[in-house]
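J.: So the sequence lines, in the order shown, correspond to chains A and B.
Using UniProt numbering, the first residue of the first sequence is number 1, and each one after it goes up by one.
Using UniProt numbering, the first residue of the second sequence is number 1, and each one after it goes up by one.
Source of the hints: derived by calculation from the structure; they are not laboratory data.
This structure is a prediction, so every number in the text was calculated from the model and none was measured.
Any given hint could turn out to be false.
What the hints assert, rightly or not - In silico DSSO-like links for lysine-lysine, alpha-carbon gap of 27 Å or less:
hint, chain 1, residue 1, chain 2, residue 2
1, A, Lys268, A, Lys249
2, A, Lys249, B, Lys85
3, B, Lys85, A, Lys419
4, A, Lys219, A, Lys130
5, A, Lys49, A, Lys397
6, A, Lys394, A, Lys419
7, A, Lys49, B, Lys85
8, A, Lys403, A, Lys419
9, A, Lys394, A, Lys446
10, A, Lys346, B, Lys85
11, A, Lys219, A, Lys249
12, A, Lys446, A, Lys403
13, A, Lys419, A, Lys49
14, B, Lys85, A, Lys219
15, A, Lys130, A, Lys106
16, A, Lys388, A, Lys446
17, B, Lys85, A, Lys405
18, A, Lys124, A, Lys49
19, A, Lys403, A, Lys388
20, A, Lys418, A, Lys394
21, A, Lys89, B, Lys85
As the list claims (entries may be wrong) - Rough simulated footprint, nothing fancy, chain A against chain B, three-plus residues with beta-carbon under 8 Å:
hint, region
22, 70-83
23, 96-102
Even glycine gets a Cβ: it sits at the ideal position worked out from N, Cα and C.
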Amino acid sequence: MAGAGGGGNDVQWCFSQVKGAIDDDVAEADIISTVEFNHSGELLATGDKGGRVVIFQQELESKNQPQCRGEYNVYSTFQSHEPEFDYLKSLEIEEKINKIRWLPQKNAAQFLLSTNDKTIKLWKISERDKRPEGYNLKEEDGRYRDPTTVTTLRVPVFQPMDLMVEASPRRVFSNAHTYHINSISVNSDCETYLSADDLRINLWNLEITDRSFNIVDIKPANMEELTEVITAAEFHPNQCNTFVYSSSKGTIRLCDMRASALCDQHSKLFEEPEDPSNRSFFSEIISSISDVKFSHSGRYMMTRDYLSVKIWDLNMESRPVETYQVHEYLRSKLCSLYENDCIFDKFECCWNGNDSVVMTGSYNNFFRMFDRGYRQDVTLEASRESSKPRSVLKPRKVCTGGKRKKDEISVDSLDFNKKILHTAWHPQDNIIAVATTNNLYIFQDKL
Amino acid sequence: MGQRDIVSYETSVRRKSRIRTASTMCRLDVESDVKGPEQHGNALPSSRYMVGRGVKRKLSECEDQMLDLPYPQQRQLVLDLCLDKLQSCQRRAEPSLHRSVLLANTLRQIQREMRQEGGPHHPESPPPAPATPCHSPELPPVPSDRPSTPVAALSSSLLCEDDDAQSTCTELPKGPWSEDVGKLPDLLFGSFEITNSTSYLTDLQLDDIFEDIDTSMYDPSDFSVLACPPPRGSSGASLGNDYNLKAFSTCTTSSSTLQMCLNDLDHIMEILVRS
Chain A
1 MAGAGGGGND VQWCFSQVKG AIDDDVAEAD IISTVEFNHS GELLATGDKG
51 GRVVIFQQEL ESKNQPQCRG EYNVYSTFQS HEPEFDYLKS LEIEEKINKI
101 RWLPQKNAAQ FLLSTNDKTI KLWKISERDK RPEGYNLKEE DGRYRDPTTV
151 TTLRVPVFQP MDLMVEASPR RVFSNAHTYH INSISVNSDC ETYLSADDLR
201 INLWNLEITD RSFNIVDIKP ANMEELTEVI TAAEFHPNQC NTFVYSSSKG
251 TIRLCDMRAS ALCDQHSKLF EEPEDPSNRS FFSEIISSIS DVKFSHSGRY
301 MMTRDYLSVK IWDLNMESRP VETYQVHEYL RSKLCSLYEN DCIFDKFECC
351 WNGNDSVVMT GSYNNFFRMF DRGYRQDVTL EASRESSKPR SVLKPRKVCT
401 GGKRKKDEIS VDSLDFNKKI LHTAWHPQDN IIAVATTNNL YIFQDKL
Chain B
1 MGQRDIVSYE TSVRRKSRIR TASTMCRLDV ESDVKGPEQH GNALPSSRYM
51 VGRGVKRKLS ECEDQMLDLP YPQQRQLVLD LCLDKLQSCQ RRAEPSLHRS
101 VLLANTLRQI QREMRQEGGP HHPESPPPAP ATPCHSPELP PVPSDRPSTP
151 VAALSSSLLC EDDDAQSTCT ELPKGPWSED VGKLPDLLFG SFEITNSTSY
201 LTDLQLDDIF EDIDTSMYDP SDFSVLACPP PRGSSGASLG NDYNLKAFST
251 CTTSSSTLQM CLNDLDHIME ILVRS
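Just chain A, with the same shape it has in the complex (with noise of 0.2 Å):
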C-alpha cells in the first residue's frame, strides 16, 4: 500500500503539525467554519464559529533542515464578526465565518475577505517592524514634553521594533443579503467579487461598499413555488466574465456577464441524468451540490455532492468527465443519516496545485484524495493517534460487509460526529489542511 498516495505512485503523506486544544470538549466557538490558503501558500486562514480569523505563517526553511518544509505558525488573530441581533425576528445573526477568500497581493500588505451570514469584510493585515523615535515634543512614552525643556530639535528616526501584525477592516460590506450568504469568491480582474446567497448573487466592487449588483435572483415570484436553492458560486480563475452556480437540485449553471445584467438566463447548464436504479426517496437531498471549484487552469470545474465528487469539463454539459466515490458503504444509511441531519452536511472540496488529485473530507475524521492520472485513490485520517512528527500515514479502509479484515473499520464503527467539511491544499507544493471539529491539522508529503 505504501505509496498508493494522492499526487502520483511516490507520495506518502506525513503529519505535520496540528493546531487546537486537545481536550475532547469543543468549545462551540471553536468549532473551524473555513480555511483557506492564499495565493503564494505562505500563510493560511482558518475561521471559526466564533467569528475570529487566525492566520499562520508558514517560517522560511531553515538551512539546517533542508529536507523539511517550514512550520506554519500563528501570524494574526483578529475578531472578524459579532453576533447581531435580528429584534425584529428575534434571531440571531450568527458571527460564524462562513468564508475566507484572499486577494491576490499586490503589495506589502495582505487582503482578505470574511463573510458571516450577512455581512462581508474586506481585511488589511500589515506588518510592521518599525517606529519612529525621538520626537522633539513627545516623550518615548506618549507624555507630552514641556515646551520650556525642548533646547535642541532633531529629526526622529525610525528604529526597529518587534514585529507587530495589525489587522484592520478596511471595507464593511452589508445590507445587500435577505438570506444565509454561503459563497464569496474574487474575480481574476481584482477590482470585483462575488457574494452568493440561497436565493440572489451579488457583484460587488471591492472599493465600494453602499452598492451592489444584482446578477443573479431565483426568489420567485411566489415563495410557495420554491423548490430550488444557490449552494456556491464561483468566478472563473482566467475569465473574469465567467462564473458558475451551484444548486441544491445538483445543477450547475456557468453564466457569462456580457450577455445581459442579470444572468438569470444561463449559458450552459450542467447537469447529470439522475441514474433510476439509485432512485430512493433521499436522490434529491444527495444530489444537493455543497461545493463547487474550478481547476486552476480553468478547464475543468469539481462538484460534491452528498456521496461524491464530480468532475466536469467546461464544454460538456450532459454529464461529469469522471465521477469518484467518496463514501458509497453510505447509500444504504440513507434513512439514518436522514434522521440524524448528517445527510445535510456541506462537505467541501478542492483540487491540488496542478490539478492531478483531488481532496475532499468524509466522516470519521477520515478524508480521500483521488489522484484523476493514476487512477488511485486513498483514505487518509486525521487523528491524535497518527501524530506522531513526520510519522507516515497509513491509509485506511472501511469495511462494507461481510469479514472485516484487520485494521479495516466497519461502518456502524464510524463516529458520524467527527466529520471533515473543510480541507485546502496549497497552491504550489504538497501540503494539505484538513480541518477536523476544532483541530486543523496539517500533512506534508514525505520530503
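Starting from the known structure of chain A, fit chain B onto it as the hints suggest.
T.: Relative to chain A, chain B alone:
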C-alpha cells in the same frame, strides 16, 4: 476607515464570558504534545458508534429494518420524519432555508406519490386547507383531513398543535382567511430572511412582524401605528389587502402624526428589547 485593530504577534482574542475563553495563547497555536497512543488504542469505544445529534445507537439497527419494511411503510416513515423536521425547523437556533427546501421537496414528492396511488381517499382537486393565524381565538379550528399541499400539511399540523378543541373538521367559508394560505409559504420560507433596520419595512408585511404579539388585550386605536405607511422613502409594502390591519386602520396620514407613530414604535421596540 474603520477602527484600527492592532493585535500583537502573540496574543489571542478573548471572547465574551458566555463562551469558554481561549487560553492565553491563541487556541489554534496549541501544538499537540502526543507522547504515545491515546487511551482508546485500536479498539473504538462504544461511544463512537453511529451517533448523530442525540440519536441513539439503535438507529443503525433501525435503518436496516427500514429496508426490510414494505415500501408504503418506508414511505410513511420518511414522511413522518420529514414533517417532524419541518416543524422543528422553525425552532432551531440556526434555521436553514436550504434544508427546509430539501425537506419540503421530499415531502411534496412523497405526497404526490401517495396521491397518485391514493385514489378514492383523495378528492380530485381538494381545496387548500385554510389555516388560521395562531393568535386569533375567534376563528374556527383547522380541518384535520389530509391536506393537498405539503405546505398546507405543515401548517395544519403546526397549527393543530396550538388547538385544544377536538371539533370535527368543517370547511371554512372562503373569506379573508384564505389569503393567509398564500402567506404560509412565506411564513415557512420567509422567516429566513435576514432583516435589518433600514429594510424591514420593505421586505416584510407588517402583520408578520407583529404576529407573535397577542393583540387581544389592546385597544385597536393603540395600533394606529401599524397602519402608517412605511416611512423611510421605500415604496414596497402595501397594506391594503391585510385583513388584520384593516381592523386597526384608524390612523391619519398627516406627517406629524406619522412621526409620532414612528416614535411610539421605536419606544415599544426599545421596551421589548430591554425586557
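J.: Sort out whether Lys49(A) lies within 27 Å of Lys124(A), counting only the CA atoms.
T.: 21 Å, holds
J.: Going straight from one Cα to the other, do Lys85(B) and Lys419(A) come out at no more than 27 Å?
T.: Holds - the C-alpha atoms of Lys419(A) and Lys85(B) are around 22 Å apart, at most 27 Å.
J.: If you draw a straight line from the CA of Lys394(A) to the CA of Lys419(A), is it 27 Å or shorter?
T.: 19 Å, holds
J.: Please work out if Lys403(A) and Lys388(A) have their alpha carbons no farther apart than 27 Å.
T.: 31 Å, violated
J.: Taking 8 Å as the Cβ threshold, is the statement that the region 70-83 of chain B is covered by chain A upheld or broken by the three-residue rule?
T.: With 5 residues close enough to chain A, the hint holds.
J.: Within a Cα-Cα threshold of 27 Å, do Lys388(A) and Lys446(A) meet the stated pairing?
T.: 14 Å, holds
J.: Is Lys418(A) close enough to Lys394(A), meaning Cα to Cα at most 27 Å?
T.: The hint holds at about 18 Å.
J.: Does Lys85(B) sit within 27 Å of Lys49(A), going by the straight-line distance between their CA atoms?
T.: With a Cα-Cα distance of about 24 Å, the restraint between Lys49(A) and Lys85(B) holds, given a limit of 27 Å.
J.: In terms of beta carbon proximity below 8 Å, does the region 96-102 of chain B have 3 or more residues touching chain A?
T.: It holds, with 6 qualifying residues against the three required.
J.: Can you confirm whether the C-alpha distance between Lys85(B) and Lys405(A) stays at or below 27 Å?
T.: 38 Å, violated
J.: Does Lys446(A) lie within 27 Å of Lys394(A) when you go C-alpha to C-alpha?
T.: With a Cα-Cα distance of about 13 Å, the restraint between Lys394(A) and Lys446(A) holds, given a limit of 27 Å.
J.: Is Lys89(A) close enough to Lys85(B), meaning Cα to Cα at most 27 Å?
T.: Distance ~21 Å between Lys89(A) and Lys85(B) Cα, so the pair holds.
The structure does not agree with the numbered hints 4, 5, 12, 17 and 19 stated previously, though it agrees with the rest.
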